[in-house]
Amino acid sequence: MPTLEICHLYPDILNLYGDRGNIISLKMRSLWRGIDVNIHNVSPGDAFYPELYDIVFMGGGQDYEQQIIHEDIVKVKGEAIKEAIENNTVFLCICGGFQVLGKYYKSSDGKETEFLGAIDLWTIGEKKRLAGNIVVELNLEMHGKDTRVAGFENHAGRTYLGKDVKPLGKVLTGYGNNGIDGFEGAVYKNTYCTYLHGSLLPKNPDFADYLLEAALKKKYGGEFSKLFEIDDTLEKLAHDTVINRLLKGLKHKNK
Amino acid sequence: MLFTLAMIAAKFLIWFLRFTGSGGTTLPGRLAAKIYPGILLRLSGKLNVILITGTNGKTTTGRIISRILEINDIPHLQNRSGANLKSGITTAFIEAASIRGNFSCIMAVIESDEAAFKTVAPLLSPKVIVVTNFFRDQLDRYGELLTTVQNVKTGISQCPNAVLVLNADDSLSSYIGREVPNKVIYYGIDGYNSSRSSADIAGADASNCIYCTEKYQYSARTYGHLGHFFCPGCGFKRPEASVACIGVNRLSLSGSDVALRFDEYEVNNSHSVQINLPGLYNVYNALAASACAKALGVPTGTIIDALGTFECGFGRMEIIEHEGRHIRLILIKNPTGFNQVIDYLFSEKKKMVIAFFINDNDADGTDISWLWDVDIELFRDLRNLVVRFYCGGIRAEDMAVRLKYAGIDPGLIFIEKNMKTIIEDSIRLLSEDETLFVLPTYTAMLEVRKLLGTEFNLKEFWK
Ligand SMILES: [Zn+2]
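From first to last, the protein sequence lines are chains A and B. With my numbering, letter number 192 in the first sequence gets 192, and the count goes up by one each step, no holes. With my numbering, letter number 234 in the second sequence gets 489, and the count goes up by one each step, no holes.
Chain A on its own, in the form it takes in the complex (with noise of 0.2 Å):
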């Protein structure tokens, strides 16, 4: 039976807005499929196994948790974290997991943070929070699968991504990266960074399906590599429902 490890980092503490709603959403389209799952809670102090795990999320929290977990990421875990997004392991980092996995951030009164460096992106932080609901053409190749993900995104930082490093998608409405470049999240190896919060991969099970496959693919080559379907049809609703209210909005207010 094909299994899947995945590694849910500082679960306890980087657990805001519903964060763990996307850990539920691997394991039950997993299991649904007859895909075993065990699930690896690492926090700080906790040992992190690069070569152990084929899926590795990590959420959002407020700056007070941030803070908890910036010296484990950086000085302990970082070196071994770092391995694993270049050994292709499928990472989905949201928000404040997002913005760490960059080379720094920098406050609205100009202190500078340093970070993982894992990836060529950094953040500036500014007053005014970037919140509300956002829907995201994904940059991906989906095979005929719906692209368009519904989120909500909640957050004082504004990443800019290097040149080598590709965005997840484009703002179809929303503020994404930047409020400015029209961009959203980032895109280096099998590492998927996101400013959607939250219940992310419930609502997008396409996505979710993208990712799963893609660990995969990894583990297993061909052989387990495609799922078969199964019936999506409440989450196909909540997905179409929220992303054609938003979008209708849109074409309101342009006119």
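Calculated directly from the structure, the hints in this document are not laboratory data. All C-beta atoms in this analysis are idealised placements derived from N, C-alpha and C, irrespective of residue type, glycine included. Accuracy of the hints is not assured; some may be wrong.
[To be verified] Pairs of lysine-lysine residues, derived as PhoX-like cross-links and limited to a Cα-Cα distance of at most 25 Å, are as follows:
hint: 1; chain 1: A; residue 1: Lys103; chain 2: A; residue 2: Lys170
hint: 2; chain 1: A; residue 1: Lys128; chain 2: B; residue 2: Lys470
hint: 3; chain 1: B; residue 1: Lys470; chain 2: A; residue 2: Lys75
hint: 4; chain 1: B; residue 1: Lys341; chain 2: A; residue 2: Lys128
[To be verified] Derived, one-sided and incomplete: chain B residues facing chain A with beta-carbon distance under 7 Å:
hint: 5; residue: Asn463
hint: 6; residue: Tyr466
hint: 7; residue: Asp653
hint: 8; residue: Asp664
hint: 9; residue: Gly666
Given chain A, put chain B with the ligand in place with the hints provided.
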């Protein structure tokens, strides 16, 4: 002169809004402040103000305090639930005052939104400030939880004469007590330890020490991050509670039987008390109100009377009888509150229908991802009792997905936005004496209540 003009204009507007049925509470206060900016300061200066803030339980705590004052024949005004920003609070004072700005009451029981507290508190010079607790709530609007705590602390630091009533079991509230010079009365629960896993991730709003970031340890826990916390890093720990629940004999749908201690120096200091409200969270509300009453010097006997005779407030828990079935409305607004409602449903032993109404308007919080922080998985353990789950409201589909991923049989999940249909179906699905639980977010609750009033002629129920 301008003051009188402001009063007349605002009073006219209050009357007009009520006459047209909109019942708005924001505009009159805003209009009056535009004409006479110092109006709130001037009006509130004539009364002794009790100011209540915190994430959960403000309204219920305020209502219990009001009941205690009532029993003691102390005339007072109170702002309405939901009217807890500066403008709504101003409206409440204007409504109770004469045009010249005089009152027939002597006290004011005011609940304030946590975000507005910093601005409102210095204007009201409260005699007592009650803080219920801090949980994550509508972060999209308030920013971060610790920012909220700091804002409340800043507000308190401008009211050095106020007696603080703080939840000892909440590390974030206790933190404030240590940081300000005010006199503090702590309340808390001593005689209870939750059987539910304390490691549940959803409850970790404040799992690490606010001073040194070390993870708290607990010798007893009630729910969420509330309990007897202790920081192994710096020694910060739960303070002694002088008003305390020292024993829980029964928690049920109709209420709780508990033993309370109102004063640590009292000789015979354990009192059997019936709290006429369900759930542990209402034990906290009762304790907060009791501690406030102690701060005012009210006799213990009247507090016990008030707790036993208290009746439910707006939307927190409302029951309607319809064709022999019960319809119960319970407001849900954040993960902690929702988890408690689930706890509460576990005390129901009969068949039930559950209808969620999830809106994402500003007053509900525009971000609904918090639904994933709720322990919806627990509904699986109620599968023998729940005959159907309905999902309504603007974000009905998201709630349906949440239920599905919690492992609920999709065949039991129905997306139905029409409350009338849900009630008709439920009457058919349920037998006599069984209950339809309607769990709406704030604006959804207003819609549901309106419909129940018009369609089912249940108007007399809403006072
Ligand atoms: Zn500490």
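Now for the hints, and whether the structure bears them out:
no. : hint                    : result
1   : Lys103(A) <-> Lys170(A) : holds (23 Å)
2   : Lys128(A) <-> Lys470(B) : violated (31 Å)
3   : Lys470(B) <-> Lys75(A)  : holds (19 Å)
4   : Lys341(B) <-> Lys128(A) : holds (23 Å)
5   : Asn463                  : holds (6 Å)
6   : Tyr466                  : violated (11 Å)
7   : Asp653                  : holds (5 Å)
8   : Asp664                  : violated (12 Å)
9   : Gly666                  : violated (11 Å)
Going through the hint list in order, the structure does not satisfy hints 2, 6, 8 and 9.
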